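J.: So you can see what is in the structure, the chains are spelled out below.
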Amino acid sequence: MANDREVLREIWEGRLPVCFQLNSEETYSLQAPDAYYLMVPRLSYFPLVTDKVRKHFLKYINPEKQEAEMWLDFNGQPLRWHYPIGVLFDMYASDIQLPWNITVHFDKFPEDELLHCPSREVVESHFMSCIKEADVLKHRSQVVSNMQKKDHNQLWLGLQNDKFDQFWAVNRKLMEASGEEVFKYIPFRCYRGDGPFVQHLVRPVTEEGQKKTLHHLISEVFPNETDCVHVMTHGIEPPWETPLQWLSEHLSYPDNFLHLCIQTS
Amino acid sequence: MAGTVSWEEFLQCTNNFLEISDQLLDGWKLCGRTDSPGSAYLVKKLVVFERTEKESKLCDTFEEPLDTFLEDKSMLENTVEERTTWEYHVMYNQSYSVPTLHFNAWRSDGALLSLEEVWGRALKCYRGSLEDDKWTVLTQQEHPILRRPFYTLHPCRTAEFLESLKEKSSNILITWL
Numbered sequence: 001m002a003n004d005r006e007v008l009r010e011i012w013e014g015r016l017p018v019c020f021q022l023n024s025e026e027t028y029s030l031q032a033p034d035a036y037y038l039m040v041p042r043l044s045y046f047p048l049v050t051d052k053v054r055k056h057f058l059k060y061i062n063p064e065k066q067e068a069e070m071w072l073d074f075n076g077q078p079l080r081w082h083y084p085i086g087v088l089f090d091m092y093a094s095d096i097q098l099p100w101n102i103t104v105h106f107d108k109f110p111e112d113e114l115l116h117c118p119s120r121e122v123v124e125s126h127f128m129s130c131i132k133e134a135d136v137l138k139h140r141s142q143v144v145s146n147m148q149k150k151d152h153n154q155l156w157l158g159l160q161n162d163k164f165d166q167f168w169a170v171n172r173k174l175m176e177a178s179g180e181e182v183f184k185y186i187p188f189r190c191y192r193g194d195g196p197f198v199q200h201l202v203r204p205v206t207e208e209g210q211k212k213t214l215h216h217l218i219s220e221v222f223p224n225e226t227d228c229v230h231v232m233t234h235g236i237e238p239p240w241e242t243p244l245q246w247l248s249e250h251l252s253y254p255d256n257f258l259h260l261c262i263q264t265s
Numbered sequence: 001m002a003g004t005v006s007w008e009e010f011l012q013c014t015n016n017f018l019e020i021s022d023q024l025l026d027g028w029k030l031c032g033r034t035d036s037p038g039s040a041y042l043v044k045k046l047v048v049f050e051r052t053e054k055e056s057k058l059c060d061t062f063e064e065p066l067d068t069f070l071e072d073k074s075m076l077e078n079t080v081e082e083r084t085t086w087e088y089h090v091m092y093n094q095s096y097s098v099p100t101l102h103f104n105a106w107r108s109d110g111a112l113l114s115l116e117e118v119w120g121r122a123l124k125c126y127r128g129s130l131e132d133d134k135w136t137v138l139t140q141q142e143h144p145i146l147r148r149p150f151y152t153l154h155p156c157r158t159a160e161f162l163e164s165l166k167e168k169s170s171n172i173l174i175t176w177l
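Protein sequences, first through last, are from chains P and C.
Residue numbers 1 to 265, in UniProt numbering, belong to the letters of the first sequence in order.
Residue numbers 1 to 177, in UniProt numbering, belong to the letters of the second sequence in order.
Next up, chain C with everything else stripped away, as it sits in the complex (with noise of 0.2 angstroms):
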C-alpha cells in the first residue's frame, strides 16, 4: 500500500532520529517495548509561554483621578502571560503501517485544552485547508498504550503525506515531523 512505512524502518528512523535530537537536546525519549510491534514509541514534553491579549480596561475607569490611572501598571500592560504544557508521542499504527502523532495539553491550572483551543493554535497556514474536516483530521482518541485520551492526527491522512515525501527523503520520521 502506497504511503506506508514498516514496523522495522518505524525503529530505524527512531534510533537515528533519537541520536539527532539528543545532540540537538530537543528532549526526545523512546518508551515502552521494542520487541512487539507498535509497543515503542518517542515521547516529548515541553512548557510554552504564549502572550494573549487582555480586554482593554479604558472604558470603564474614567470617574478615577488622572495620575491615580496612570500609576496603575497593569493599565498600560495589555498582555497576560500563559503557561501550557505539551507532551507529544509518536507511536506506531500497525493497521495503517504509519506513523501516527497523539498530543495532550494543558493549562497552568492542570486542565486540559479543549478541541477548540488545540484548533486556535494551530498555524494559519494549516487551518485553511483543514478547517472543513476538521472532525475528521484531528480527534480525541484513546492511546493505545496508555489508555488515556489524546489528541491524535488521523493515519489516513499521514499515508497521504508520507506518500509525497517518500522519495526525498531518507529519514521519513524526521520529515514528517
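One chain only, chain P, in its complex shape (with noise of 0.2 angstroms):
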C-alpha cells in the first residue's frame, strides 16, 4: 500500500526544463523562429504536452507540410515519445545540460526507428497497455481487468490533466497487493546505454519471505556488476538497501512501471 503520500506527491511534481528549437533545414520563413521555452512533467509523455510547441512552430515551415506528424530529437537521436519524459531524460543526463535542448522536425519522419503517433488515442493505448501488463505481473487476479471502464479513463484523464488526487484515487487499488502482502513480480525496465530494455521476471521477497532490495534486484539482472553500476530513476540514485516493494509502490511511473536507469561508472 502507498503510504509516503509526500513521496508520492514529490514524484508527481517533477518537472524539467526544455527548450525546443525547429530543425534549421526545415525553417521556410525569411525570419527563423524563437526557440520555445517549457516546463514539462517528467511522468508524462512528449505528445501530450507539446501541441503548443507544435502551434508555435507550425507557421515556419513548408505551408505543404501542415500536416505533417511532429518528432523530436536530442543529440541527433530521435527520441521515444513512448517513453515517458523523466525516463528519456535520465537516459541522456549525463550528456544535458539544463535546459534540455531539444530540436523539432516535421519532416523525414524515422519510421525504422520510431512509432508513429497520429493521435491522444495512441499514447492512450500505449500507456493502458503498460497498465495491464503492470497488473499482470503484480497480481494474481486481475485488477484491471476487474475495473470498470470509467476506472480506466480516470487514470488516464488523471495523467493528462496532471491531477494527482483523480489519478492515484483509482492507482492506490493497483498499489495494492490484494490479499497478499506484497506483489507476485515486480513491473520494472532497465535501460542500459542504446541497448534493447532489460525486463526480468523478479520477486519482491526471497524463497524465504525476506524482503529484496535494490541492491538484490541489480545482483539478478547484471550478475557481477553491481560495484560499478549506478541506478538512476527520477533524477535521483535511490539507496541500495530500499526495498523493492516499497519502490514498485511509491517510485513506479503512472504506467505502474519502476523505470530505471543504468549508469556504468
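If you're looking for bench data, these hints aren't it; they were derived computationally from the structure.
It is possible that some hints are incorrect.
Said to hold, decoys possible - Away from chain P, derived, C-beta distances all over 12 angstroms, residues of chain C:
1. 25
2. 50
3. 86
Unchecked claim - Covered by chain C, according to a simulated footprint, are these stretches of chain P (three or more residues, beta-carbon under 8 angstroms):
4. 112-120
5. 126-140
6. 191-202
Being a predicted model, the structure only gives us computed values, none of them experimental.
A virtual CB, placed ideally from N, CA and C, is assigned to each residue, including glycine.
Two chains, two separate frames, one set of hints: put the complex together.
T.: Shown next as C-alpha cells:
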C-alpha cells in the first residue's frame, strides 16, 4: 500500500526545463523562429504536452507540410515518445545541461526508429497496455480487468490533466497487494545505453520470505556488475537497501512500472 | 493463469514447428538466444503480389479518335500489381506467458504500410468482430529485442484464444498461427 503520500506528491510534481528549437533545415520563412521554452512533467509523455510547441513552429515550415507528424530529437537521437519524459531525460542525463535542448522536426519521419503517433488515442492505448502488463505481473487476480471502464478513463484523464488526486484515487487499488503482503513480480525496466531495455521476472521477497532490496534486483539482472553500476530514476539514485516492494509502490511511473537507468562508473 | 505457455513449452513447440516448416519449405528460421527466456524468436519473410483495381480512365478520353483509344492497352487493363514485403516474428512474452506475433510490411518503394493499410488487408472475417477494439488489438510497438517499430497483436487476446485451444492441440504454436 503506497502510504507515503509526501513521496508520491514529490514524484508527481517533478518538472524539467526544455528549450525546443526547429530543425534549421526545415525553416521555410525568412526569419528563423524563436526557441520555445516549456516546463514539462517528468511523468508525462511528449505528445501530451507539446501541442503549443507544434502550433508555435508550424507557421515557420513549408506550408504544404502543415499536417505532418511532429517528432523530436536530442543530440541527433530521435526521442521515443512512448517512454515517459523523465525516463528519456535520465537516459541521456550525462549529456544534458539545463535547459534540455531538443530539436523539433516535421520532415523525414524516422519510420525504422520511432512509432507513429497520429493521435492521443495512440498514447492512451500504449499507456493502458503498460498498466495492464504491470497488473499481470503484480497480481494473481487481475485488478485492471475487474475495474470499470470509468476507472480506466480516470487514470488516463488524471495523467493527461495533471490531477494527482484523481489519478491516485484509482491507482491506489493497483498499488495494493490484493490479499498477499507483496506483489507477485515487480514491474520494472532497466535502460542501459542504446541497447534494448531489460525486463526480467523478479519477486519482491526471497524464498524464505525476506524483503528484497534494489541491490537484489540489480544483482539478479546484472550479475557480477553491482560494484560498478549506478541506478537512476526520477533524477535520483535510490539507496541500495531500499525494499523493492516500497520502490514499486512509490517510485513507479503512472504506467505502474519502475523505469531504472543504469550507468556504469 | 489460464491460456499460458511456459518458456520451455514455447521452445519445444518452436523446435517442432521448425521441423515441419523445413519439410514444407515454409521459410521460418529461429533467431536470438535460447539460453535466456524470451530471447529467441521465429522469423519469416515473404513477398506478396497483389492486384488492386485502378480507377477507370474512360470518362475523360472521348476526344481522341476511337482507334487510337482502342490501341492503348493500358485502358483495357483495370488492375495494378503491387509488391509488398512482409516480415513476421513470433516471440515469447514473459509477462503474459504467451507467444506474441509481430510483423511489418513494406511497399515496393521501401515505405512502411500504415496501420490503416494493414487493417485493410486483414481478412474480412476477422475485421468484423475486432473493428471496435481496433486500437487495442493491433498496435505499433517497439520490438523487445530489435527495438524497431513492429505491428503487434496484443498479448491478452492471445491468452483468451489459447485457452480455448489448449485441450485440442498438440502444438499450440501451429494452431495459434
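J.: So, for every hint listed, does it hold in this structure?
T.: Status of the hints after comparison with the structure:
{"no.": "1", "hint": "25", "verdict": "29 angstroms, holds"}
{"no.": "2", "hint": "50", "verdict": "21 angstroms, holds"}
{"no.": "3", "hint": "86", "verdict": "16 angstroms, holds"}
{"no.": "4", "hint": "112-120", "verdict": "holds (count 5)"}
{"no.": "5", "hint": "126-140", "verdict": "holds (count 8)"}
{"no.": "6", "hint": "191-202", "verdict": "holds (count 5)"}
Of the numbered hints stated above, none is contradicted by the structure.
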